[in-house]
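Enquirer: Listed below, chain by chain, are the residues.
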Amino acid sequence: MAQATFQIFRGDSKGGALQTYTTDVGEGMVALDCVHQIQAESAPDLAVRWNCKAGKCGSCSAEVNGRPRLLCMTRMADLPEGEPVRIEPMHTFPLLRDLVTDVSWNYGVKKKIAKFAPRKPDAADGSWRMQQEDIDRVQEFRKCIECYLCQDVCHVLRDHAKHDEFAGPRFFVYTAALEMHPIDTGDRIDAVKDEQNIGYCNITKCCTTVCPEGITITDNAIIPLKERVADKHYDPLLWLARKLGIGDGETGAGA
Amino acid sequence: MATTAVPTDRLRFGRPAGFAQTARRDAWWIEPVLTLVGLGSFVVYATWAALQGKFYYIGNLLSPFYSPEIWGPSPHAMFGPQPAWLPWPSFLPFSAAILVLAIPGNFRLTCYYYRGAYYKAFWADPPACGVGEPARGSYLGERTLPLVMQNVHRYFLYGAILVWFFLVHDVWKAVWFLQADGTEALGLSVGGVVLAVNVVLLWFYCTGCHSLRHLIGGRLKVFSKHPMQHMAWKVVTWLNCRHKLFAWCSLFSVGFSDIYVRLCAMGVWHDLRLFMI
Ligand code: SF4
Ligand code: SF4
Ligand code: FES
Ligand code: FES
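Those protein sequences? They're chains U and Z, same order as listed.
According to our numbering, the stretch in the first sequence is residues 3 to 257, in order.
According to our numbering, the stretch in the second sequence is residues 10 to 286, in order.
Watch out, some of these pointers could steer you wrong.
Said to hold, decoys possible - Derived pair list, reagent style BS3-like, types lysine-lysine, alpha-carbon separation capped at 27 Å:
| id | chain 1 | residue 1 | chain 2 | residue 2 |
| --- | --- | --- | --- | --- |
| 1 | Z | 230 | U | 122 |
| 2 | Z | 253 | U | 145 |
| 3 | U | 113 | Z | 230 |
| 4 | Z | 234 | U | 245 |
| 5 | Z | 253 | U | 117 |
| 6 | U | 195 | Z | 230 |
What the hints contain is simulated information worked out from the structure, not anything from laboratory work.
Predicted model only: the values in this text are computed from it and were never measured.
Please put together the full structure from these sequences, using the hints given.
Expert: Here you go:
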């Protein structure tokens, strides 16, 4: 069994340092296994959040060698051999302790988004009819496990700290899922522009790169929302068409 | 158990890191450097070529930088030579390219793919994902002037599609060769192939556009009510997934087409005829 060296951040909001640990790494082990082993062997007070160990709960988000990742989905075999593995908490959220950050800011952002507003049921039993092709796009977005790794890597939050103004990629995914839902009747486009401030996003696609669920965040959620904002606020011809009552009412709907 | 002090700018939690600060160990700088060199050289070459006003056509070949040639000295000009009433700065040679290049130029400048790429490579905003930015006073993104103008990308798309039809016409002209008896005969030369490949790559680039993907069907909430638009959206989506690839291939092909025609016009290369019918 090979030994691996880890540099793990220990500390809290007042300060901290990387501490070096070594532990045995067996076949098939992931970074979270190693962290647990280190906890058991030499650092019983090391704080790490986890739950499912299956990449489905989104709890174990951290930064491994500078890349936002789920600890439970980071295979040791995929990391460079012979180099210390550096594990830090997410940089974009307030630190609680060691590898655990306070992600509750995200819950507040979500609460501000206008809820799903379904049209009247299609059938007397209160149900709706939808075609598969109408929900394909939304199903991609529903894979989100709210790990907030995309929020962590987004430079608008990470480097510019626009937490008060910018909703971040996770919530563009959430909003896009509502806006593209075939039975939703809401219109969140003004909020996308003026409250979520999608204009801060400069489409650098870092969010897409880190998403463990492989959601094509930028191309499938953010840019389509930017285009909807353009329909409603930056397209003079569509503006004119709306004034004249021309069109199918879908582009820039609700204006 | 050893302890390594962590530089405070690495543990910022909302405070900016220093420029290029990162714990990433991969060569994160390669992609922005390649973008900087690739886009930078294209812009420099295209500006130089557009300002020349000469060596942009030979026989039936016209450089795509100069197409459509609205006015100009070549036989390809739609309305003859530069009209006397058209004001032109005395320090610049007259160039038909300057009249049209704003359309494809702004189309690429406002393209979603290029935006993400040049914000990283030219502005280091950010230099790469998870890598610290240079200190800046404020961050405005694309919310205010001038960058809010990126939102008119779809209008440059309309213009670019129009220009594309002229380039198709140029390919058509490039396969007709003037004979000694004054008639024209159908044939193909390497130049015709170069222009044709360019037109195909440009079409794949234009039709993979995010704005087109939205306008052609992505804007709809319910695809099943609009099967034709859904089908079109799926085709554009396929191309859109390869948008970066076609952005670079077509950038190269359009630059190369100009170089090819220019070198032929300068007599450096000879346009090899492949066959005549
Ligand atoms: S694409 Fe936009 S939301 Fe995603 S990381 Fe980049 S700036 Fe942030
Ligand atoms: S979109 Fe992806 S990266 Fe972002 S929170 Fe959801 S699963 Fe995580
Ligand atoms: S522990 Fe649930 S995603 Fe890693
Ligand atoms: S998004 Fe690239 S051309 Fe429109």
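Enquirer: Check each numbered hint from earlier against the structure, then list the numbers of those it violates in ascending order.
Expert: 5
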